[in-house]
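Chemist: The listed protein sequences correspond, in order, to chains A and B.
Quick note on numbering: the first sequence equals residues 0 to 393 in numbering that gives the first Met the number 0.
Quick note on numbering: the second sequence equals residues 0 to 254 in numbering that gives the first Met the number 0.
Simulated from the structure, these hints should not be mistaken for laboratory data.
Computed from a predicted model, the values in this text were never measured in an experiment.
Any given hint might turn out to be false.
As the list claims (entries may be wrong) - Covered stretches of chain A (chain B as the covering partner; in silico rule of three or more C-beta atoms under 8 Å from a C-beta of chain B):
| id | segment |
| --- | --- |
| 1 | 19–29 |
| 2 | 58–66 |
| 3 | 202–216 |
Said to hold, decoys possible - Examples of chain A residues lying across from chain B (beta carbon under 7 Å, computed):
| id | residue |
| --- | --- |
| 4 | Val48 |
| 5 | Glu53 |
| 6 | Arg70 |
| 7 | Glu86 |
| 8 | Tyr90 |
| 9 | Ala192 |
| 10 | Ile195 |
| 11 | Gly197 |
| 12 | Ala198 |
By construction, the Cβ of each residue, glycine as well, lies at the ideal position given by its N, Cα and C atoms.
If you want the building blocks of each chain, they are given just below.
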Amino acid sequence: MAKQLMKGNEAIAEAAIRAGVEAYFGYPITPQTELLEYMSKRMPELGRVFLQAESEVAAINMVYGAACAGRRAMTSSSSPGISLMQEGLSYIAASNVPVVIVDVMRGGPGLGNIAPSQSDYFQMVKMAGHGDYKPIVLAPATVQEAVDLTVLAFDLAERYRTIAIVLLDGVLGQMMEPVELPPMRPLPATPPAWAITGAAGRAKNVVIPFRMQADDLEALNLELQRKIGAIARREARFKEYFIDDDDAGGDKTDLFVVAFGTAGRVALSAVKAARQKGIRVGLHRPITLSPFPDERLSRLADDARGFLVVEMNAGQMLEDVKLSVGGQAPVRFHGRMGGQAPMPDDIAREIEKLDEMTRRPIDHKIEGPVALRPASRPAQQAGSKPELTAPGTP
Amino acid sequence: MIPVEPFTEQVVFQRPRAMSATPTTYCPGCMHGVAHRLVAEAIDELGIRERAILVAPVGCSVFAYNYFEIDSVVAAHGRAPAMATGIKRVQPDKIVFTYQGDGDLASIGIAEILHAAGRGENLTVIFVNNAVYGMTGGQMAPTTLPGMKTTSSPLGRDTRTMGHPMKMCELLSQLDGAAFIARRSLHNPAEIRKAKKAIVEAFKTQIEGRGFSMVELLASCPTNWDMKPVDALKWIETHMVPIYPLGDYKRRVEG
Numbered sequence: 000m001a002k003q004l005m006k007g008n009e010a011i012a013e014a015a016i017r018a019g020v021e022a023y024f025g026y027p028i029t030p031q032t033e034l035l036e037y038m039s040k041r042m043p044e045l046g047r048v049f050l051q052a053e054s055e056v057a058a059i060n061m062v063y064g065a066a067c068a069g070r071r072a073m074t075s076s077s078s079p080g081i082s083l084m085q086e087g088l089s090y091i092a093a094s095n096v097p098v099v100i101v102d103v104m105r106g107g108p109g110l111g112n113i114a115p116s117q118s119d120y121f122q123m124v125k126m127a128g129h130g131d132y133k134p135i136v137l138a139p140a141t142v143q144e145a146v147d148l149t150v151l152a153f154d155l156a157e158r159y160r161t162i163a164i165v166l167l168d169g170v171l172g173q174m175m176e177p178v179e180l181p182p183m184r185p186l187p188a189t190p191p192a193w194a195i196t197g198a199a200g201r202a203k204n205v206v207i208p209f210r211m212q213a214d215d216l217e218a219l220n221l222e223l224q225r226k227i228g229a230i231a232r233r234e235a236r237f238k239e240y241f242i243d244d245d246d247a248g249g250d251k252t253d254l255f256v257v258a259f260g261t262a263g264r265v266a267l268s269a270v271k272a273a274r275q276k277g278i279r280v281g282l283h284r285p286i287t288l289s290p291f292p293d294e295r296l297s298r299l300a301d302d303a304r305g306f307l308v309v310e311m312n313a314g315q316m317l318e319d320v321k322l323s324v325g326g327q328a329p330v331r332f333h334g335r336m337g338g339q340a341p342m343p344d345d346i347a348r349e350i351e352k353l354d355e356m357t358r359r360p361i362d363h364k365i366e367g368p369v370a371l372r373p374a375s376r377p378a379q380q381a382g383s384k385p386e387l388t389a390p391g392t393p
Numbered sequence: 000m001i002p003v004e005p006f007t008e009q010v011v012f013q014r015p016r017a018m019s020a021t022p023t024t025y026c027p028g029c030m031h032g033v034a035h036r037l038v039a040e041a042i043d044e045l046g047i048r049e050r051a052i053l054v055a056p057v058g059c060s061v062f063a064y065n066y067f068e069i070d071s072v073v074a075a076h077g078r079a080p081a082m083a084t085g086i087k088r089v090q091p092d093k094i095v096f097t098y099q100g101d102g103d104l105a106s107i108g109i110a111e112i113l114h115a116a117g118r119g120e121n122l123t124v125i126f127v128n129n130a131v132y133g134m135t136g137g138q139m140a141p142t143t144l145p146g147m148k149t150t151s152s153p154l155g156r157d158t159r160t161m162g163h164p165m166k167m168c169e170l171l172s173q174l175d176g177a178a179f180i181a182r183r184s185l186h187n188p189a190e191i192r193k194a195k196k197a198i199v200e201a202f203k204t205q206i207e208g209r210g211f212s213m214v215e216l217l218a219s220c221p222t223n224w225d226m227k228p229v230d231a232l233k234w235i236e237t238h239m240v241p242i243y244p245l246g247d248y249k250r251r252v253e254g
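Starting from the given sequences, assemble the full structure and let the hints guide the process.
Modeler: Below, the structure written as structure tokens:
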């Protein structure tokens, strides 16, 4: 199919339509409003449901209702609007119904501004509401990827009966790029068996977001955790640049930049510049922020000199990278906030700094990379008082 | 031998098909059981059980899904009209109704109910007003009467600092999208019969696609009012009805 030039927000809307979204409910907020506007025109053309809600609170609960009816339903918003949806998201998670949410992040906290940001990482990845659960979070770095991940979001939401979030920033929402759109999918002929469609010729269906008894609520939580575990095992996705697993060569990449979305795109320029200066650095760009590609990062950490995390926030994904690296290598951070994007030159300087910091004066084949690892501390003798040492203390 | 007349049985009263056999968790003297039954009878009479969908609220009637034999969901506190909107918009042939208390509908959910009515959303709302938050233990609601003592207005609702009762029928009937808005009471059998008729009419409004319909039912909460059930019914008549006059507030015939 021929490529066409489309704005991120509109491309996502069209991708959702082609993926088979049957109902869209939303509320205007910059920088995602074009998505709502696009839906207001296209959905009625196709005989599907579009409704501008009175608030984000109402919008997410309308999505919840349509999803309970077994229909593909979605909403889109930006950071402050997403905050208002947290309650609804938690209810949706408890009810095990599939929904797709698009968050085009803007600067925060508070009203913040309308400039691009990645500061919703915590509020989306770390649960999106009260209680114990995790949604699937997909982070595109190009308009094409936003299109592809929107389709994937509907597939994953339905497969696992869960919340799937497409998390991007205002740059991607507003940017125009050539995209190839997916084919138009037919809508499902009948809603799933669990859906709330009226108890005609069957026992009643009930979809509820609570269990009054502790035993029952724990059982629901265990079910959610099993689902989250299955998603973590199967669905982690990432893209890597200049990283290869070939252990034979002596010039293996051993410095890693980790960045998602727009920050990942900027970081790629910096990585290329640093490589031209002879630094063996690569880029790991998580595509699923939840499930986080922790196993892959942990493997990279085995032979890594160091990591640099780049984000458009104060260091939110940084925590997950640190957990994955598990203290095997130093993890540095470069971030911009308030709607500022990191500059390739600044990131390249940070890469050089990391390179210098972690360059060992002696042949590491003799000392081994263990020199940087906390595991190299001497084993404690039984009964002896644990000795507290600062990292790096001999 | 004495000839035996053949025994014939005629059913004059039974549980509606739309109601389940599950015993309720409601307190003695609570009016939810009566309100549930009226709704179930209306559903049976209109023959809509297999396409009826209940959106239960947060509050005592959060368990309502247990007591109806129809497809049901439970909404977040106050959000039932929004959730019902989502359900109805994707399947307009279904009969969708919310069942909400006064804390749920008139306080935290006031935006959702106003806009559902304003949009003329083709839904039915059963609004049970007992002037207090029941499930949390009788706190002041927006519908609490002036001077009425509750667990969060221990000296009585002082209108200078705690405001005046929210009159939802009066408020919603101002909106063009509202097709049928009525207030009834459950304090005696005659009023209960009138309430039933209004509920049937509200569902008919939806079946005919005329737009938003709501029946407010004045009800007692003997537990939280600290009254005997019979005294509580009397109190509805003497104290609530004067503040919340019964009647039809909106009756629009065309769609």
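Chemist: Now look at each hint and say whether the structure bears it out.
Modeler: Hint-by-hint comparison with the structure:
Coverage of the segment 19–29 of chain A by chain B holds [criterion: at least 3 residues with CB-CB distance below 8 Å; count 3]. Counting residues of the segment 58–66 of chain A whose beta carbon lies closer than 8 Å to any beta carbon of chain B gives 8, which reaches the threshold of three, so the coverage claim holds. Counting residues of the segment 202–216 of chain A whose beta carbon lies closer than 8 Å to any beta carbon of chain B gives 7, which meets the minimum of three for the stated coverage. With a cut of 7 Å, the hint placing valine 48(A) at the interface with chain B holds, because the nearest CB-to-CB distance is about 5 Å.
With its C-beta approaching chain B no nearer than about 4 Å, glutamate 53(A) sits inside the 7 Å limit, and its interface hint holds. The beta carbon of arginine 70(A) is positioned within 7 Å of a beta carbon in chain B (closest approach about 4 Å), and the interface hint is therefore held. The interface hint given for glutamate 86(A) holds, since its Cβ lies 6 Å from the closest Cβ of chain B, which is under the 7 Å cut-off. Taken as an interface hint, tyrosine 90(A) checks out: its beta carbon lies about 5 Å from the nearest beta carbon of chain B, inside 7 Å.
The beta carbon of alanine 192(A) is not positioned within 7 Å of any beta carbon in chain B (closest approach about 12 Å), and the interface hint is therefore violated. For isoleucine 195(A), the suggested interface contact is upheld, since its CB lies about 5 Å from the closest CB of chain B, less than 7 Å. Against a cut-off of 7 Å between C-beta atoms, the interface hint on glycine 197(A) holds, since the closest Cβ of chain B lies about 4 Å away. Taken as an interface hint, alanine 198(A) checks out: its beta carbon lies about 5 Å from the nearest beta carbon of chain B, inside 7 Å.
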